[in-house]
Amino acid sequence: MLRRTVVLVQALTAMITAAGVVMLLVAQPPPPPPMPTSAPGSTIDLVAAGRPIYASQCESCHGTWGEGVYAPVTIDAAASKAKFPDPTAEAAVVLDGRGQMPSFRGRLTPEQVEAVVAYVRTLS
Amino acid sequence: MAFAMPKPRSERGGVRLALILVVGAVVALLLGTYGALHPPAVGQSTFKMFFESMLAFKSWFTTLALVLAVTQLVTGLRIRDLVPWPSQIPLWLPDLHHLLGTLAVLASLPVAYHCLWSLGFTLSLSNPRVLVHAVAGCAFYGAFVSKVLAIRVEGVRDTVVPVLGGVTLALLVAVWGSSALLFLAGRIG
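Protein chains in written order, with numbering that gives the first Met the number 0: chain A, 0 to 123; chain B, 0 to 188.
Just chain A, same shape as in the assembly:
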């Protein structure tokens, strides 16, 4: 009886492993939301554009409001601005990654990075 259970569980494990390998190879992560296009003469609202990008790319680690799901990765707008007076320096961190944070180069366009940085700098 137990031997039959072992065989069944082993077969199940083998099938789940095979399915997992196939899914790893096939399932692609959803692309980040597209940037809104600007009408001639209008200004793109970077903060509004950055919010959905933040939600899809950053929120799982940094939390909905920057409170940080992982303890060390809280975001505070005042601290960010003090640390990175120039937003392009903060954008470089997003593009190149740092420490635990992965690089988003190739996953986000420079415009999307600019937008998400603008959004992050409103969090507190």
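Since the hints were derived computationally from the structure, they do not count as laboratory data. Cβ atoms here follow ideal geometry from the backbone N, Cα and C, with glycine treated the same way. Certain hints may be false.
Computed footprint of chain B on chain A; a stretch qualifies when at least three of its residues, placed anywhere within it, have a C-beta under 8 angstroms from a C-beta of chain B [said to hold, decoys possible]:
hint, region
1, 0-13
2, 16-26
3, 101-113
Got chain A; can you put chain B on it based on the hints?
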């Protein structure tokens, strides 16, 4: 008339052992390579069942895998007569031993899937915890594959399987200690 001398038993065992270890190393390398090349689906959970967060799901499933693996170690020690209890080895103990190991790996699979698909593999020396976790995670499956192969190969089974089992468990402890333990202790999360 010349005869081809059959290879000594120990030499054949050595070749088989080398092949088994190479296969395990290839599995570990493939996992690491996938994790490094696959664009991480950062921010994307896979499935977390009834847990409040992905981290809680992964931490508790890794803990479950570790408990099952440690229990398997205890049954393995009894099968090899290295612990005295129970006084008579039940006939079903080897089957239970196999079942515990299989369930441990089964519990680890959804965790590994999220790690590989959503987070990826980072060889970053700036964060030793992540580095240890990533390397141990890939090596765990490599060691497990080597162990499963060694079970089926005569000549290496008796000597190598306990060692590979110990290595597999040690790697699982490293994986757990560099993630789930910290979550359960409130250091991350």
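Verification of the supplied hints:
1. 0-13: holds (count 8)
2. 16-26: With 5 residues close enough to chain B, the hint holds.
3. 101-113: holds (count 4)
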